[in-house]
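Undergrad: Sequence:
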Amino acid sequence: MLETKNYKFWFCTGSQDLYGDECLRNVADHSAKIVAAFNASGKLPYEVVLKPTLISQASIRQTMNDANNDPECAGVITWCHTFSPAKMWILGLKELTKPLCHLHTQFNEEIPYDTIDMDFMNENQSAHGDREYGHIVSRMGIEREIIVGHWANEKVQERIATWMITALGIIESSHIRVCRFGDNMNNVAVTEGDKVEAQIKFGWEIDHYNVNDVVEYVNAVSEADTNALVEEYYSKYKIIDDGRDAAEFRRHVAVQAQQEIGIEKFLVERDYQAVVTHFGMLGGLKQLPGLAIQRLMEKGYGFGAEGDWKTAAMVRLMKLMTANMKDAKGASLMEDYTYNLVPGKEGILQSHMMEVCPSCADGEIGIRVTPLSMGNREDPARLVFTSKTGPGVATSLVDLGNRFRLIINAVDCKKVEKPMPKLPVGTAFWTPQPDFATGCEAWILAGGAHHTAFSYDLTVDQMVAWGNAMGIETIVIDENTNIRDFKKELKLNSVYYR
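Numbering-wise, the numbering used here puts 475 at position 401 of the sequence shown, and it's gapless, one number per residue.
List time: in silico DSSO-like cross-link candidates among lysine-lysine, alpha-carbon distance up to 30 angstroms:
1. K269 x K79
2. K275 x K168
3. K462 x K403
4. K125 x K172
5. K172 x K82
6. K400 x K373
7. K496 x K360
8. K488 x K312
9. K229 x K79
10. K373 x K489
11. K373 x K462
12. K82 x K229
These are calculated hints, taken from the structure and not from any lab test.
Use the sequences and the hints to build the structure in full.
TA: This is the structure we're talking about:
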């Protein structure tokens with residue numbers, strides 16, 4: 075489910091024919107060596123493809139449109155090796171729809187003091203050419219990533235890798251389709267939103283089905299397929315029966331196995347990549363999907379509870395952006411549940427009724443079957459665990475009526491001090507940056523929701539870049555946040571995004 079296209083990024087070098095054929099041959103040779111080094115570095119998650127040197131309006135326009143039409147092209151990296159008159163870039167840039175990175179580099183790392191002459195200066199003048207190019211991109215108001223430094227520098231390559239992940243999120247956003255089983259929870263404000271505007275801004279398609287549409291799929295799952303998946307559960311997870319009858323426990327688990335198979339078949343047949351449920355709209359389902367949803371999230375589906383389609387789409391986006399990331403630590407729906415307010419130990423216990431993704435788990439994962447006070451159905455099975463430690467990013471996409479706002483909070487995930495044996499859910503525990511009080515106050519000032527899309531693997535800057543590419547307001551809460559400046563930013567944004 076997390077498989078993405080075999081994406082590539084095009085490397086486009088700008089020049090012109092003022093300095094003759096030998097110069098252009100050197101430009102092409104230098105570009106080829108840079109691209110070869112990128113692909114051999116092991117630092118970039120996707121392949122870089124060299125394109126012919128661009129020396130005219132026609133070649134630039136054709137290349138940009140070719141990039142638009144190539145489904146494997148996820149973005150364009152531009153660099154002006156020599157002076158590249160910017161007016162010839164206008165039409166191509168105007169028509170480009172793929173993410174853009176401006177790599178401000180040069181082939182040589184050091185000035186060749188003993189041999190430098192005017193021929194060298196004319197050929198190696200990206201300090202000149204990139205400023206001409208950068209001016210027109212700024213004048214046209216085009217969103218792009220600017221990366222400065224020598225192409226062989228590890229930090230430069232790491233920044234390119236980071237941008238590639240954001241670019242993937244920009245490209246894949248328009249492929250997200252959310253399936254809603256039931257509507258938003260009654261009287262809840264923050265999970266509401268303009269679905270039409272979301273499709274305009276993000277490309278998301280958000281559709282609704284009666285929950286009994288999927289019940290037909292669940293009921294059609296064979297006993298053999300259900301039992302086979304139950305066996306997989308029993309071999310993979312620790313069984314925590316809490317003294318329940320073994321046969322009865324297994325029957326409850328089998329309901330979730332049947333739901334996992336049935337729901338996934340429904341989503342696959344209709345090409346949906348994210349799903350929402352609501353405990354108050356369960357139709358003919360025997361249990362609120364818990365373990366089933368957790369497993370689907372682990373496979374890469376987005377999820378939002380109580381009809382929260384915005385969080386479902388954001389979780390799917392995070393899954394996609396980290397799909398090819400080595401040693402990814404996980405992403406999930408989270409919900410702010412309860413606080414620890416002991417001085418020096420402040421933090422927020424994150425969880426949900428059941429649906430926290432086991433990709434976040436640290437260590438053993440168990441299955442428990444316990445009552446659920448909401449939904450008026452039988453006791454659901456769910457996976458229980460504690461989550462990993464380390465830095466992470468929690469995001470909340472909210473609809474303010476006249477615009478979307480993406481709130482991005484850097485958080486520090488920690489272990490709780492003591493076990494919680496009576497809590498039958500997956501949990502995480504974190505302290506928001508810059509500190510508990512400031513982080514919480516800023517979140518509330520910004521109108522952040524109680525549901526979040528959370529990732530251990532993405533960064534604040536990547537999520538800001540995604541939001542900027544979508545043309546929406548982004549608000550950051552991190553180590554640099556102070557409330558006085560934060561309030562000013564919110565006021566200024568209310569004018570800018572009016």
